[in-house]
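So the sequence shown is numbered by my numbering: it starts at 624 and just counts up by one.
The hints are simulated quantities; they were obtained by calculation from the structure and are not laboratory data.
We put the CB at the ideal spot given by N, CA and C, even for glycine.
There could be a bad hint or two in this list.
Pair by pair, the computed Cβ-Cβ distance ranges are [stated by the list, open to error]:
#, residue 1, residue 2, range
1, 632, 668, 24 to 32 angstroms
2, 727, 642, 26 to 34 angstroms
3, 682, 646, 17 to 25 angstroms
4, 727, 662, 22 to 30 angstroms
5, 644, 678, 41 to 49 angstroms
6, 651, 691, 52 to 60 angstroms
7, 673, 636, 30 to 38 angstroms
8, 688, 647, 36 to 44 angstroms
9, 682, 635, 32 to 40 angstroms
10, 665, 636, 37 to 45 angstroms
11, 677, 638, 45 to 53 angstroms
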Amino acid sequence: DDDLNNHKWIPPLVGAFVGCIAMMFFTFLANIFLDIINTVFLCFAIDKDNGVDTSNDEFEALVKQMPEYIQASDVEIVTGQPIPVASAVFDNEMPGPSAPPVAKSEY
Numbered sequence: 624d625d626d627l628n629n630h631k632w633i634p635p636l637v638g639a640f641v642g643c644i645a646m647m648f649f650t651f652l653a654n655i656f657l658d659i660i661n662t663v664f665l666c667f668a669i670d671k672d673n674g675v676d677t678s679n680d681e682f683e684a685l686v687k688q689m690p691e692y693i694q695a696s697d698v699e700i701v702t703g704q705p706i707p708v709a710s711a712v713f714d715n716e717m718p719g720p721s722a723p724p725v726a727k728s729e730y
C-alpha cells in the first residue's frame, strides 16, 4: 500500500533537491562573475593610480572594429542635433518632516 503513495511525496522532494542544486550552481557562478568584476576594477584602479595610459589600447581598437560601434560625433552628424547631456541637479534644501511631531508621553 505504501508503494502506491510514492507518487505523492517523491516529486516535491525531487523538485526541492534539484532546486537546491541549481541554486548552489548559479550562486557559485554569480560569485565567480563578481570576483572577475572586482579584479578588473582593481586592475583599472591600479592602472589609474600608476598613470598608465589606456587611451590607445588593443581593446579600444577591437571595439571600434565592431559593426555596432557608434561614436558620439557620428550620431551628431547623422541627426544634425547636438547630443543631449543630462545636467546635475543639486537640491540644497532638505525637505522637512512629513508627519507632525509626536508629543512625548510621561510614564
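Comparing the hints with the structure gives:
Between residue 632 and residue 668 the Cβ separation comes to about 54 angstroms, which falls outside the hinted range of 24 to 32 angstroms. The hinted range of 26 to 34 angstroms is not satisfied by residue 727 and residue 642, whose Cβ atoms lie roughly 51 angstroms apart. At about 34 angstroms, the beta-carbon gap between residue 682 and residue 646 misses the expected band of 17 to 25 angstroms. About 53 angstroms separates the C-beta atoms of residue 727 and residue 662, a value inconsistent with the hinted range of 22 to 30 angstroms.
Against the hinted window of 41 to 49 angstroms, the Cβ-Cβ separation of residue 644 and residue 678 comes to about 46 angstroms, which satisfies the hint. Checked against the hint of 52 to 60 angstroms, the C-beta distance between residue 651 and residue 691 comes to roughly 31 angstroms, which is inconsistent with it. The hinted window of 30 to 38 angstroms between residue 673 and residue 636 is violated, with their beta carbons roughly 56 angstroms apart. Range check, residue 688 to residue 647: Cβ separation about 40 angstroms, and the 36 to 44 angstroms hint holds.
Against the hinted window of 32 to 40 angstroms, the Cβ-Cβ separation of residue 682 and residue 635 comes to about 49 angstroms, which falls outside the hint. As the Cβ distance of residue 665 to residue 636 is approximately 43 angstroms, the hint placing it in 37 to 45 angstroms holds. Look at residue 677 against residue 638: about 49 angstroms separates their beta carbons, and that is inside 45 to 53 angstroms.
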